[in-house]
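Colleague: These protein sequences, in sequence, are chains W, L, G and B. Numbering-wise (our numbering), the first sequence opens with residue 1 and increments by one. Numbering-wise (our numbering), the second sequence opens with residue 1 and increments by one. Numbering-wise (our numbering), the third sequence opens with residue 1 and increments by one. Numbering-wise (our numbering), the fourth sequence opens with residue 1 and increments by one.
Some clues are possibly wrong.
Said to hold, decoys possible - Pulled from the structure, derived: some chain G residues nowhere near chain L, Cβ distances all over 12 Å: (1) Lys-26; (2) Lys-124; (3) Thr-206; (4) Tyr-250.
What the hints assert, rightly or not - Going by beta-carbon spacing under 8 Å, a handful of chain W positions derived as facing chain L: (5) Tyr-35; (6) Ser-39; (7) Ile-70; (8) Ile-200; (9) Arg-205; (10) Lys-206; (11) Ser-285; (12) Asp-301.
Honestly, the hints are just simulated from the structure, not real lab data. Built from N, CA and C at the ideal position, the CB exists for glycine as well.
What follows is the residue order along each chain.
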Amino acid sequence: MSSVDMRVDLNGLKLKNPITVASGTFGFGREYADYIDLSDIGAISVKGLTLEPRQGNEGIRIAETPMGMINSVGLQNPGVEQFIREEIPFLRQFDTKIIANINGNNIDEYCKMAEILSYEDVDSLELNISCPNVKNGGLAFGTNPSVVKEVVSRVRAASKKHLIVKLSPNVTNIKEIAMIAEQEGADCISLINTLSGMVIDINKRKPVLKRGSGGLSGPAIKPIAVRMVYDVYDAVKIPILGMGGISNSTDAIEFFLAGANAIAIGTANFVEPRVTKQILADLKSYLIRNNYDSVNELVRDLSV
Amino acid sequence: MSSVDMRVDLNGLKLKNPITVASGTFGFGREYADYIDLSDIGAISVKGLTLEPRQGNEGIRIAETPMGMINSVGLQNPGVEQFIREEIPFLRQFDTKIIANINGNNIDEYCKMAEILSYEDVDSLELNISCPNVKNGGLAFGTNPSVVKEVVSRVRAASKKHLIVKLSPNVTNIKEIAMIAEQEGADCISLINTLSGMVIDINKRKPVLKRGSGGLSGPAIKPIAVRMVYDVYDAVKIPILGMGGISNSTDAIEFFLAGANAIAIGTANFVEPRVTKQILADLKSYLIRNNYDSVNELVRDLSV
Amino acid sequence: MKFQGLVKVIQKKFVSDDVFKIVIEKPEHMGEVRPGQFFNFNVERMLLRRPISVSAIGEETLEFTIKILGKGTKELSLLKTLDEVDIMGPLGNGFDTLNHKKVLLVGGGIGVAPIKGLGEFLSKDSIEMKTLLGFRDTPYMIDDFKAFSNEVITVSENDKDYRLGYITVPLEEVLADPKEKIDMIYACGPLVMLKSVQKICAQFNTPVQLLMEEKMACGIGACLVCTCKTKEGDFGFKHSRMCLEGPMFYGDEVIFDE
Amino acid sequence: MKFQGLVKVIQKKFVSDDVFKIVIEKPEHMGEVRPGQFFNFNVERMLLRRPISVSAIGEETLEFTIKILGKGTKELSLLKTLDEVDIMGPLGNGFDTLNHKKVLLVGGGIGVAPIKGLGEFLSKDSIEMKTLLGFRDTPYMIDDFKAFSNEVITVSENDKDYRLGYITVPLEEVLADPKEKIDMIYACGPLVMLKSVQKICAQFNTPVQLLMEEKMACGIGACLVCTCKTKEGDFGFKHSRMCLEGPMFYGDEVIFDE
Ligand SMILES: Cc1cc2nc3c(=O)[nH]c(=O)nc-3n(C[C@H](O)[C@H](O)[C@H](O)COP(=O)(O)OP(=O)(O)OC[C@H]3O[C@@H](n4cnc5c(N)ncnc54)[C@H](O)[C@@H]3O)c2cc1C
Ligand SMILES: Cc1cc2nc3c(=O)[nH]c(=O)nc-3n(C[C@H](O)[C@H](O)[C@H](O)COP(=O)(O)OP(=O)(O)OC[C@H]3O[C@@H](n4cnc5c(N)ncnc54)[C@H](O)[C@@H]3O)c2cc1C
Ligand SMILES: Cc1cc2nc3c(=O)[nH]c(=O)nc-3n(C[C@H](O)[C@H](O)[C@H](O)COP(=O)(O)O)c2cc1C
Ligand SMILES: Cc1cc2nc3c(=O)[nH]c(=O)nc-3n(C[C@H](O)[C@H](O)[C@H](O)COP(=O)(O)O)c2cc1C
Ligand code: FES
Ligand code: FES
């Protein structure tokens with residue numbers, strides 16, 4: 001079998017391979033360590049962090065939908081300090097990049113977290129401006145162009161780390177938001193976060209999730225995510241980390257062809273704990289079969 | 001079996017039952033007449049009409065997705081004149097309401113169609129400001145608040161017919177758009193139209209649809225549609241015609257509980273040509289079992 | 001009312017690695033079924049139905065021959081005798097079967113399935129039939145054709161046990177041969193093949209009925225996702241629905257995309 | 001590495017209208033499985049896996065007892081002997097099985113399944129067991145319990161062949177009886193039942209292990225969608241993951257929602 005170069009460089013974040021895992025779907029890595037060698041994964045974006053520890057939302061947090069699920073975890077996490085103390089050392093045992101997904105109640109909090117993490121051993125910051133489960137945080141941030149401008153530029157000023165900005169799909173014009181993020185200093189764009197959705201229990205006659213709506217993920221949203229990656233590719237020069245419903249190598253290849261430089265697996269981890277490894281292997285075979293020397297050549301390699 | 005009142009009044013459009021079919025998924029009714037008695041359906045929203053006949057988009061127009069499909073028909077239709085000449089008389093043989101779904105290249109065209117149809121035997125006009133397949137038409141209209149304001153107010157002035165405004169889900173703030181439509185004189189809101197999506201063929205290395213992206217419909221989008229109906233219910237006083245992925249009575253009941261006064265079945269017709277009749281029967285049983293006297297009582301009847 | 005509902009599978013067998021036949025019980029009230037028509041099969045795990053042509057029309061049964069291509073046909077291949085499956089149909093305009101003296105049947109790949117149904121149907125009258133079959137790999141169902149066709153020529157792109165090459169070569173030979181007097185050609189296969197067949201038939205001025213295939217949704221003309229271009233007026237074109245105006249179109253009607 | 005992969009179904013039978021048992025071959029390298037632990041089952045037509053407790057732990061086999069509730073369990077009910085099914089596990093913290101003299105087993109509805117597995121496990125030691133079973137309709141699996149439990153009391157909400165009412169009534173009777181000296185209670189059933197059981201046990205100051213159920217996704221602690229409140233510090237609470245910190249929690253740990 002001939003070989004193919006799987007390394008990708010996301011504008012300064014160098015990955016051994018382009019298969020990463022999406023924030024909130026892989027815990028802090030340790031939960032999956034019994035099922036997969038974490039060194040097989042290009043990068044791990046950890047569960048969304050906040051400045052202080054958070055308990056997350058009360059009541060039912062999940063509902064299944066046709067080929068999807070909605071969640072309303074509400075950023076339950078041990079806080080950035082415990083992450084630094086306990087999770088970074090654990091993850092550093094493995095040959096994988098660490099992406100810290102950061103979330104604030106306000107712009108100051110985002111900046112403070114970025115500052116704190118500047119001096120810590122993480123490879124990248126992923127600015128989550130799109131979590132739909134935190135009312136006073138995410139939603140407004142990720143959908144309002146002027147707030148996006150402010151949060152990205154201030155976080156950029158607060159830290160020299162590699163900076164990924166993660167976009168919300170719940171917007172009219174995703175290109176506009178991506179361009180603002182690029183302009184204000186993002187090194188990379190990741191998309192998409194979950195779509196806002198609701199499931200109602202017709203027996204109890206109330207929304208299944210205690211908070212009403214939650215974030216829709218999984219195969220159901222894949223066509224929307226592919227379209228957004230395709231659109232954003234045309235709008236920015238910085239690399240794209242694509243995600244949304246990827247479950248197998250066919251899905252993954254779709255994202256590369258749409259314009260993603262690397263991809264993240266989310267919900268599919270719940271179904272197949274070793275899916276990342278499988279996708280990496282199948283992607284490699286596809287590349288070899290189709291005479292590619294490097295996975296980078298696949299990015300937006302649409303035939304005309 | 002006790003009886004239950006299935007009549008609904010959508011602010012002037014009186015339906016014998018609240019189960020209607022969505023524009024573009026039921027042709028002009030005649031295609032389904034071999035499978036179902038059209039008089040069993042509350043209303044039929046016909047295939048999107050334009051002022052002049054349209055050939056529609058070239059090349060492949062459909063791709064299947066996980067629990068959904070994307071289409072790019074591009075408003076192929078015989079034009080409003082032939083609709084008046086041939087389709088209205090056909091549909092009038094049945095005891096069902098006729099909703100004319102109208103689409104323009106510009107605001108003048110919308111107005112002209114509304115004017116023409118004012119004098120014709122249709123029960124309602126459905127202003128489609130959200131078709132994502134017509135580049136110079138729909139997309140911009142349905143997502144830009146100031147254009148929505150103008151098109152609705154001018155169409156309102158052009159015709160006294162019952163007026164439904166059909167919203168695009170591809171927006172940041174669906175409540176805002178709904179409120180504008182209400183303010184400018186809409187009698188009813190229908191939602192959601194399809195979400196913008198893309199599927200790429202990894203063997204041919206090009207988007208499956210010749211036009212790249214298309215409109216995502218089917219069960220995959222249901223949680224998004226339910227959430228939007230829920231949100232819009234809080235924002236407007238006029239009734240809501242809810243749709244998006246409804247395939248069975250459980251789905252239908254979800255929409256009523258979210259706040260829809262009537263519902264439309266779209267993609268599910270392709271799978272089960274008699275699905276409307278089945279949903280009507282199952283909905284009735286649910287209402288009787290749960291001691292409702294009228295389907296109107298089910299609207300937003302969430303328990304607290 | 002047209003038929004839509006469950007029918008019973010009374011026979012199922014594989015005719016090659018990835019091609020299988022199922023025979024179902026024809027429901028009582030189903031109207032006439034003609035060769036070239038199709039049924040839309042409900043597939044458990046998929047959203048949309050899958051259109052499948054009849055490959056044999058019996059008094060009380062219908063046969064379908066299906067190639068496993070993706071998930072939907074894979075799912076159908078799991079059907080067993082006595083299982084039930086939800087179908088709707090018969091749908092579309094099948095072949096026109098006028099009283100010709102000699103016809104040429106042209107089938108490519110799984111396109112041989114409806115052509116076989118047609119051949120069996122035609123064999124009730126005393127029509128002379130010649131058959132050309134083309135496959136990418138190992139041919140199948142040749143014996144079915146030998147049962148009714150005066151002559152069967154089989155080509156394959158890769159199987160050295162057969163004449164190698166494309167089906168268009170023997171097609172040109174037959175049409176160029178003055179001894180063969182073909183009144184009508186019936187063809188089904190991949191679109192690229194049909195496009196070549198159309199061209200060749202036009203060259204030789206022989207009428208051809210093409211049975212077309214495209215991804216479908218409703219199968220009954222309502223959704224407009226299955227169109228192809230057909231000639232309209234002297235210059236123009238229109239988008240005709242393969243499921244309703246087709247799947248059979250005459251060679252001189254269709255305009256293939258580049 | 002923990003186990004995730006295909007296992008073979010070697011037995012399958014219905015024990016009531018909508019409850020069935022399947023026995024699978026235990027894969028070689030699977031570690032110890034304890035009562036109260038569960039496995040996450042892949043279900044063909046559904047996105048998410050379905051968590052199912054072990055209802056018997058053999059040397060070379062595992063048994064699961066499953067109630068058809070929705071689409072996923074319906075799909076699992078179609079499994080036949082010799083079919084393969086993809087499972088991952090064992091997952092979660094099962095019951096603590098210390099050396100008690102007399103224990104009380106409390107099972108409600110399909111919650112009897114893991115309790116049965118526990119009882120069989122405990123019966124290897126000479127522990128005295130008393131069992132309370134509660135059902136909404138017709139009871140099932142009572143004989144399984146009679147095989148190892150000194151006494152079995154069964155109630156049903158609707159089946160007049162049994163003592164009518166809720167399980168909480170005999171529970172209070174047993175705990176109020178000074179002759180019964182219960183060291184530990186093990187309970188599994190719907191959340192409302194567990195909530196009452198918790199309250200009654202607290203009243204009588206008897207320790208109880210509750211096996212909890214909530215919709216899950218990952219099943220291994222990564223996604224945080226399966227939480228319940230547990231006491232933390234003197235006043236506060238935290239959201240514990242049922243799949244990882246549970247599904248067994250002691251009665252004095254859990255805080256039930258209103
Ligand atoms: C009128 C008609 C009659 C047919 N008769 C037969 C028959 O008798 N026997 C038989 O085996 N098949 C027949 N087909 C084709 C059959 O419907 C498809 O092979 C089937 O739908 C594929 O489904 P799938 O889920 O297995 O593959 P999918 O996963 O849906 O598709 C696999 C690949 O094939 C493409 N594809 C899917 N459907 C079609 C199609 N209809 N035409 C061209 N490309 C397609 C997809 O875009 C995709 O690239 C017929 C199709 C039509 C329209
Ligand atoms: C740790 C654990 C162990 C379990 N052990 C068993 C067992 O041994 N035998 C058994 O039959 N079942 C067991 N269950 C429950 C079983 O997982 C669910 O019944 C099953 O997932 C339902 O799937 P479904 O697709 O049939 O129903 P769905 O269509 O998914 O759900 C039907 C209804 O049940 C609700 N529901 C789904 N899952 C759960 C759940 N886990 N808890 C409460 N409500 C739920 C849904 O919200 C919905 O209202 C266990 C659950 C857990 C968490
Ligand atoms: C349970 C769950 C929790 C999530 N938590 C976070 C989070 O904390 N931060 C974040 O940026 N995205 C979060 N996401 C979004 C995912 O990272 C990803 O963007 C989304 O799920 C789409 O990918 P998928 O369809 O492959 O899951 C979460 C998703 C799920 C399903
Ligand atoms: C093939 C197809 C064609 C459609 N054409 C139109 C149209 O002409 N006008 C319109 O307003 N909506 C059109 N729609 C959108 C539907 O009316 C409906 O809003 C959407 O499909 C969501 O409902 P569903 O998921 O039940 O299909 C079309 C949808 C499909 C699938
Ligand atoms: S498949 Fe719907 S019109 Fe042909
Ligand atoms: S199911 Fe994912 S944490 Fe419990």
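Colleague: For the hint on Lys-206 (chain W), does the least C-beta distance to chain L fall short of 8 Å?
Modeller: The hint holds - Lys-206 (chain W) has a Cβ within 8 Å of chain L, the shortest such distance being about 5 Å.
Colleague: Compute the least Cβ-Cβ separation between Lys-26 (chain G) and chain L, then decide whether it is above 12 Å.
Modeller: Non-interface label on Lys-26 (chain G) holds, nearest chain L Cβ at 18 Å vs cutoff 12 Å.
Colleague: Hold the hint about Ile-200 (chain W) up to the distance rule: shortest CB distance to chain L must be less than 8 Å.
Modeller: Where the cut-off is 8 Å and the nearest Cβ of chain L is about 4 Å from Ile-200 (chain W), the hint holds.
Colleague: Is the shortest C-beta separation between Asp-301 (chain W) and chain L less than 8 Å?
Modeller: holds (6 Å)
Colleague: Just to be careful: measuring from the Cβ of Ile-70 (chain W) to every Cβ in chain L, is the smallest value less than 8 Å?
Modeller: holds (6 Å)
Colleague: Should the label of Lys-124 (chain G) as a non-interface residue stand, given a Cβ cut-off of 12 Å to chain L?
Modeller: holds (28 Å)
Colleague: Is the nearest Cβ of chain L still more than 12 Å from the Cβ of Tyr-250 (chain G)?
Modeller: At about 20 Å from chain L, Tyr-250 (chain G) clears the 12 Å cut-off, so the statement holds.
Colleague: Tell me if Ser-285 (chain W) is really an interface residue toward chain L, meaning its C-beta lies closer than 8 Å to one of theirs.
Modeller: Since the shortest Cβ distance to chain L is 13 Å, the answer is violated.
Colleague: Was the hint right that Arg-205 (chain W) lines chain L, CB cutoff 8 Å?
Modeller: holds (5 Å)
Colleague: Is the nearest Cβ of chain L still more than 12 Å from the Cβ of Thr-206 (chain G)?
Modeller: holds (29 Å)
Colleague: Holds or violated: is there a CB of chain L closer than 8 Å to the CB of Tyr-35 (chain W)?
Modeller: Where the cut-off is 8 Å and the nearest Cβ of chain L is about 24 Å from Tyr-35 (chain W), the hint is violated.
Colleague: Using the nearest Cβ pair, does Ser-39 (chain W) come within less than 8 Å of chain L?
Modeller: Result: violated, 28 Å to nearest chain L Cβ.
Violated hints for the displayed structure, listed by number in ascending order: 5, 6 and 11.
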